[in-house]
Structure formats: C-alpha cells, structure tokens
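Fit chain P to the supplied structure of chain C, relying on the hints for placement.
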Amino acid sequence: MDNGTTDAPGGAPAGTVFNIMRFSVHDGPGIRTTVFLKGCPLQCAWCHNPEALSGAPELLLRPDRCIACGDCMDICPQHAVVEKDGKYETRPELCSRCGTCADACAADAREVIGRAMTVEDVMREVERDAPFYRESGGGVSFSGGEPLLQHRFLVQLLRSCVLRGFHTVVDTAGYASPDVLLRVAELTDLFLYDLKSVDQEIHRRFTGVPGALIRGNLVRLASWGKKVVIRMPIVPGVNDSQANIEEAGRFIASMGNVVMVQLLPYHTIGVDKYDRLGIPYSLSGVKTPSGGYLNSIAQELLRFHPVVSIGG
Amino acid sequence: MTERVTMLREQSLAAVPAVSHERGLLMTESTMIAGTLPPPLRRAHAFRTLMENQTVVINDRELIVGERGPAPKATSTYPELCCHTLEDLAILDTRSKISFRVSEETKEAYRQRIIPFWKGKTMRERIFGMMDGEWKDAYAAGIFTEFMEQRAPGHTVLDGKLYAKGLLGLKADVASAMESLERSADPDSEAKRDELTAMGICADAVITLARRYAEKAEEIASGVTDPLLKSELLEISRVCRRVPAHPPGSFREALQAYWFVHLGVITELNPWDAFNPGRLDQHLLPFYVRGIVDGTLTRDAAKELLECFWVKFNNQPAPPKVGVTAEESSTYTDFANINSGGLTPDGEDGVNDVTYLVLEVIDEMRLVQPSSNIQLSRKNPDPFVRAAAKVIRKGWGQPSVFNADAVVEEMVRQGKTVEDAREGGTSGCVETGAFGKEAYILTGYFNLPKIVELTLNSGRDPRTGKQLGPVTGDPAGFRSFDEFMDAFSEQVNHFVDVKIRGSNVIERLYAEYLPVPFLSLLIDDCIAKGMDYNAGGARYNTSYIQGVGIGTVTDSLSAIRHHVFGEEDMRMADLLRVLAADFRDFEKTRLLLLNKTPRYGNDDDKADGIMRSVFEIYFKAIDGRPNTRGGAYRINLLPTTCHIYFGAVTGATPDGRKAWTPVSEGISPVQGADRHGPTAVLMSAAKMDHVRTGGTLLNQKFTPKILEGEKGVDTLVALIRSYFRLGGHHIQFNVVDAATLLEAQEHPEEHRDLIVRVAGYSDYFCDLGRSLQDEIIARTEHNSL
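Protein sequences appear in the order of chains C and P. In case it helps, the numbering used here puts the first sequence at residues 293 to 604. In case it helps, the numbering used here puts the second sequence at residues 638 to 1422.
Same shape as in the complex, but just chain C (with noise of 0.2 Å):
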C-alpha cells in the first residue's frame, strides 16, 4: 500500500491536501476544523468527493463562472487548454495540475485540487480556530479520501495537535494495514469509522475492496480501548437490506468501545462535481431515502445499540 507521502524539500514531510475547512461541526465534538487529505482505496459508489479519491492534484472546472477571456489557454505552460466553439477545454494527457490558469483565472472558474502542504503549512491553519476548540471542546478532525492512506504525514499533524493540546478525530473507512493503525490510534481520541457493509459481496463491488480487513480493524481498535462513533451510509438498493442492518447491528453490539451508531442518508450534493471532473458516476436514478425510512432502520440498529441518530 502506498503512503502517499512525498518528501518537501529540506525533508520536511509533505503531504497532499485537498480541502482545510473551518467550523466544521460534524465531525466530531465541538467546533473543529477538518483537514482533507487526498486519495483514497475505495471506490465507493455513492462517494460525496470524487476529488478526493485520486492522490494526485487535480483540475475542478466550473464553466457556469468561465466567461471565456482566454487567459488560461494564454497563460497554460503545457498548452493544454484548448478553445472549442467558445468554450475552454483542458486536455488531460498534456495538463501538469500545475494551477497557473486557475491562479489566472479571474472568474475563478479553475481550481487546482490537492496541493502539496507541509505539516507547518497544515499547522499555520489549523491553529487559527484554537480559541474556537478551547470555548467548544472541538478540536481537529481528519478526513478524506481516507487519511490513513497518507499516513506517515498524518502521524506526524496528529503529533502536533496533540502536543497543542488540540481534540483529534480520524475519519476513515479503516482499510489500512493494522501497524499503521496503530500508530495513528495512538495519537487519535475519537474515530468516525465508516461501516459500509458487512456483506462481503457488497462491500467488494461497490467499494472495490473486501471488507475483511475493515471488520478486523475496527475490533482491533475495540480491543485496544479506541472509542468509536460508527457511521453507515444508507444507500437506498445496495446496502439497506434487513438481513445487512441486521448483521451489522450484531457486529456492533459485539464491541465495547462504540460511542454511537450514525446513518448517514445518501445524497446527491456530490454528482454534478462527478460531470466537473469528468468521471462517470454509477447510481444515477438512486432517492434520497426518505426520514420514515431512516427512522425505520434507526429502529432497527436501537436493538443493538443504545445511541443512534440520522445525520452526521
């Protein structure tokens, strides 16, 4: 598995980016700010941030900003955008994800996403709310992609956080090697660990990988005394059968360390990104599931868990 972390010069160690968001109130306690690290092994479905699955920068066009000035196919050091009837393409093959149209870019309809950071660089900014962590009992939070995938940087902002005194949470969907895991437990007060599916058929096509893994290290992280808040995304036909809420449910009542069950409805906030980035998306015609359907499932897993709630 690759750590996806590069090296900055002078060997500080780097990692790739791809969002920093302040006020961030629903990943974990409190007011926290949640830093978005780049890449992921899944791919899931129904995932809200198809940018964040690549490792690598890449190119967000909105062309509902663009009011075709050209600068970008002017200012493009690889020449890859193109103008056609109007409009202003970027050709994949010869476009570097440098980000020098969307610095150009005065309707800022170019945006370059996932830049190499520093750990200081994340620092500077995840220390600006501290006054907010201190009043709310908030804190950081890291997500994705699936932040252990970079993890040899991860360790390193969790190390921070911790000796700033900052709360740490970890999103992840737990597929990672269990040394890895960890390291970042030991760094990490709170997980917001996703359970897809416990049906192994399920969980390989439409996540792309076994769920073996993920199971295991979830107990693992109940054996070492890791609190927990379990997330499920609901997707309406793929993962919200009786008989998988049912032997999720069991799974979950045979661990100590859950704080919480969260159902998280699926959506469709995410898909016109999937057109901006040019990748097709596979549940086109899912619902939403409705409130008396969650409630329904909430029913269900209140059997084997005293908290469950709708929402993150």
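Errors might be hidden in some of the hints.
What the hints assert, rightly or not - Where chain P lies over chain C, by a calculated footprint (3+ residues, C-beta under 8 Å):
1) 376-387
2) 417-424
3) 442-449
Said to hold, decoys possible - With a straight-line cut-off of 30 Å between C-alpha atoms, the simulated BS3-like cross-links for lysine-lysine are:
4) C:K518 to P:K1295
5) P:K1342 to C:K519
6) C:K579 to P:K1348
7) P:K1295 to C:K379
Just so you know, these hints were derived from the structure itself, not from any lab. Please read these numbers as outputs of a predicted model, since none were measured by experiment. Cβ atoms here follow ideal geometry from the backbone N, Cα and C, with glycine treated the same way.
Coordinates of chain P only, in the frame set by chain C:
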C-alpha cells in the same frame, strides 16, 4: 400567553399606523401663547399643555396604560423640530411600505394651523440655515448624514432612580438645588433658576397625566357591570394615583411608573434613539421578590404584566420623517432596546429570576418593538446564555448579544467610573452608554467608501462633479500604497472637520431653542448643575459619529495595494478608467478585483491589517475632540440601514462593487466576501480594537439546520463566548435560509410575519425596501457540510 395578552398583542399588530395631529396642534397653540417666555419655561408650558390635554385612552383589558397618541399607533408629530408638508403627508398616506394613514381632519389642521405657524421657525430650517456651503455640499453628496435635522438629541436610558424616588422625590431634589442656588453667587443663576423651575413644572405635568388616566379608569369603571372588569379598572386607577408621583410599591406599579415616564420623554420631543428602561431585570427584581414572598405576585402574573408592558412599546411607531420620497420606506421601529443580564453596579453577576422571565417574554411576544438584547459577561452563567441562544436560533433576530465586559471597558476608557459603567449597557442598535447619567448622542453616519472614491478622484465627487475635498493629487502619480493612504487620511480628516463644525452648531441650537426639562429631570447631573440635557447637563456628554462600510473600504484599499502596488497586474490609471465606466466592458477586471484580492472576513492578516489602518485613521480623526457640551466626540461602527443610502450615492469601488449598490454593513465583511466560514469572520472582526469604540455591529447569518438540537445551542454559545473572549462588542444572528427569503420576496402576502435582523434591530422582511431585502439575502449564509 394568557387570553388577555393574546388579544392585546393581536390588537397591537392589527392597529393601523396613522399620523395624529393632536400633539402638533397643541404645541402650536401653546407656543403661540407662551412664545415670549425663556426657552425652558416655554417648553415646560408646552409640555404641561400636552400632558393636560392630550387624549387619554385605555384599551380593553390592558393592565399597563398610556398611549402617546389618541389611539394605538396614532403617531405624534413634532412640528417645532421638523414640520411635514401636505405633500409629505400625502406620500406617507399612500406609499406602499411603512405607510401612515392621514385623515382629512389632520390634513386640514396642518394646512390651516400647523404649517403656517411653523414655516421658517422649525429646528430643521434653522439647522440648514446655519450650515456653511462646504457642509451642505458634503451632506448633499452623501458623505455624511445628520441625525438632528429630523429628531432630537436623545440616546439616553433610564437608571434606577425613578423606582427609589418617584417624580415627587426628583422634584424635591429640584427644590433643594434651587435652594442652594439662591444661596450661591452663581453668575448663571437666572438661567439655572428657569431650567430648574421648568423641571418642576414637567414633573407635575406627568403626575397630572397619570391622574387623568386614574380618572378615566374610574369613569369607565362606573359604566361597567362585570365585577371582574370593574375591579381591574379600579386597580388601574389606584396604580395611576400612586405612580409615577411616588416610588412604586409593587412589580406592576414599577412597570406603570416607567411607562408614564417613557411617554413623557417621547412626547416632550422625539429623541433618537428612543428611551428605554435600561436594566429592567435588575430594577424589577426587588419588586418581584417582594411580591412572590408576600404572596401578592405569581411568576405567571409577573409575566402577564411584562407582556402587557411589551405591547405598549409596539403601539408607538417611530415618528414618520419629513421630506420623504415615495420610494423611501424606513421603519416603524423606534429602537427601544431592553437590556438583560450583565453585571450589577458592584460587579457581580446580574442575571436573576426576572432575566429568565424577560427571555420568555421576548420569545412569546415576537414583536419588533421593543427590541431586546442580552449583556453577556464572563461572570454570567451558561444557563443564561443557553436560554438566550434557544430564542436566537428561532431566527427572527432577537435578542442580540453584547459583551458586557467589553462594554464596561469601553466606558471606563472614556473616563466613566466603573460603577456608572456597570449600570450602563447598550441602546438603540449597539451604542454604549451609562444609563441615567449620559447624553450619548448620535450625530450621523459617515460614508467611508465614499472617501475612497474621493481619494481616487483627488477630492472631486464624480457623481455631483464638485470638488468637495482637498486636492490630494492624481493617484496615478502615487509611487506607493502609503502615499495613497496618506491622501485617504487627509480626506477623512477634512470631512470629519466639516461634520464636527456642523455638529457643534447644531448642539448649540438645541441647547438654545429646544431644551428638554422633563428629560433633564431624569438624567444625572442636570438637576445638580441646573443645566438642560441638551446643553450638557448630563454627567457624561458624548457625541458619536458612526462609521459605515468598513468592509467595502478595506477590500477596496486591499485591491489597490494588491493589484496596483503589489502584484502590479493593474495600473492605477487603468483602475480609474474601469471604475469611471462602472466596469462596463471590463467584467474580467471586476472579477479579478473581486476574486483575487485579499478580503476582510477571511482571517487573512493582509486584508485585516488594512482594516486596522482604516480604523486608526478614523479613530484618530474623531476620538477625544471636544464637543460643545463639555464632552467629546467618539466613534462607533454601525449602519442601521444607511449602507443602502451610502451605496446609492457612491460609484464603483475597487473591490469590484458596482456603482450605486449597497456598501457593507456594520463591521460585517462585504456581502459574500467571506469564504472561510463564521470562525474566520469572527477572527477578522476581533482584530479591530472594539474597546476604543462606543459600539460595533456584526451580523451573522446561519441556516436553521446548523443550529438544530443541543449541539446547535452548544455551537452558538461557543461562537459567542469565543468572539467575546477575543474582545468583540456585539453579535447578532439571522437564522433563516436564503430560499425562504426569496420565497417571501416572491409572495410577500404569505410571509407578512417573517421578521429578520436588519442592523441593530429586527423588522418585518416584507416591509423592507427591495434593495435592503436583496442585501440581506446576499449576506453570506454560513452552512456546513
């Protein structure tokens, strides 16, 4: 809510605002008779005439009585200050928003009696007659506004003395001041004797008004057979015979005593921003406790009384303006703003049982008047701020939240004693003052973005074509950003001088022609000094000039520094050309300025540093300069709705803002410029030195979803507490999504009850002008993934 309150509230909401000519006519007649008396005595005579003759009206089932006009929302006018023309009255009667019905009888009274008498004699005409050409040009260009051309110097709030002394006690203080005056060899003794005599007349006049209410209640009671109604009316009569003459003995008497005094103040003149009871929860506490202990009051009864009291405020719309255009709508709200919580004068936690009661009243009443706020000190307990947060997140903008510790620090910096400061708080929108002891007068708004425009044009106003400011040079010749800032500073100082010169004249006009002996009776140390409130009788005398558009100014200056002097991707001459064309055919340049400039509200030190520089320039131009009342000029930063007007007179600005569109409001970032969430906005705003102001206004807009549940309350409380720990003065919230507001714009008839936070007050969304509605929709809505 009791059946009684439900009915009174409905009646108040349904009452149609109208212009009443009663006060205007009585004032005209009394001035005709007493016109040759020295001004304080002339005004006292007029005040007595009003108190003795204005219609006394008791509404069905109410417990607290007294209307300013002859019916709820029948609104008095003040022709001695500014006199409506027949055309004004026609516009008020017919405009689509914030209209006032005007009867034929009222028009007749104006045509035959009021207009002919006051023509040429009103304060407004005197003011405009005394201003020099420079002032008039700057005023016409929209560089500043002038509060006192339509409303009297007000902005003061009552402390606790009424409840301890009653008006007779204050009258006794007047008598002893008079006595010591007789023994002294004071060279001003004659003027002081007149002023003190006038105060005594006014105290008696309000006692007379209360007696007339008692008689009216008895008269109605005599014709009523229902024993319950009869006893209610007789109780009104008993209360009105006791207060405000004597110190109140019960919770109910305390409220009624205040209300008569409130009516006296807003009838004597129309002071900005309306008077309020100050620390209502602290003043009422002893009466509340006594009533509960001796069994004469229950919590529910106290709440009902408070709610009846709330209705009285809502029955008094702000007096309509003169010289209005049909499009102008302004507001019905008169800015009485009830303070809760905070500190006691000896510095203890001021939250008490009545505080929680008041929060429940605010929540249940949902009225735009009175406005309400909490004063939040680090000493106040969490249950208090959480209770307030639960009201705030319902979304209609009340209560707003003030940092009580910062408010005290602001006043101590201005030279007040810490005890006076702790009894103070905020009034109007966000203005800091020592209750019962200070005349803190707002003189007008100051258009900071317009100064950038003038600097770019070397003092010439492109809209009027006039050379208004000093010639600071063609900025295309400037070699550094510092040179530009020096020119900007010179322009600011020039117009502050013009403004202050005018304000000094206006202060003297009020002192000379329109003394307010009744208000003077209430504010320390007018009695001891034998000096009128308008002449500097108060212990503290502050004149504020309110800066507007700090966001727009900061982003504009940041754009100049970044693009012209930093990146050098734009030449000054090109920028000037693009602005002159209002970006027509230069959309790319506009987007570059808009999107590629470090902007205020993102916790970006490059932009926030410029905000601090602008603050310093504005502060140094104003703070500490002497006014004519023995006090000083100070700054605060709030817009009310003036950012719309100032935008409408200001051409395109270098932040990418198109000509004639609103400038930023309060100390909030330019609408949509903040892109890193609310914590970044708060960090940016906290970089301002709030303690050196007399108030700043910060708006935040949230979608309802983010404040759901207990976590939502936690989040709101943590944001407020963090901002205050960083030194912020005030924060207020709108909790409504843009979709709802757009829907209300589309179908106003279905959203008549939608209340939003505008600036330092809330108002009905559908009553706002279109451009203000659009501006509120454009404010960045904080959401979260």
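Now for the hints, and whether the structure bears them out:
1. 376-387: violated (count 0)
2. 417-424: holds (count 4)
3. 442-449: Coverage by chain P is violated here, the residue count being 0 at a Cβ distance below 8 Å.
4. C:K518 to P:K1295: 55 Å, violated
5. P:K1342 to C:K519: Satisfied, since the Cα-Cα distance of roughly 27 Å is no more than 30 Å.
6. C:K579 to P:K1348: Holds. K579 (chain C) to K1348 (chain P) sits at ~28 Å (cutoff 30 Å).
7. P:K1295 to C:K379: 27 Å, holds
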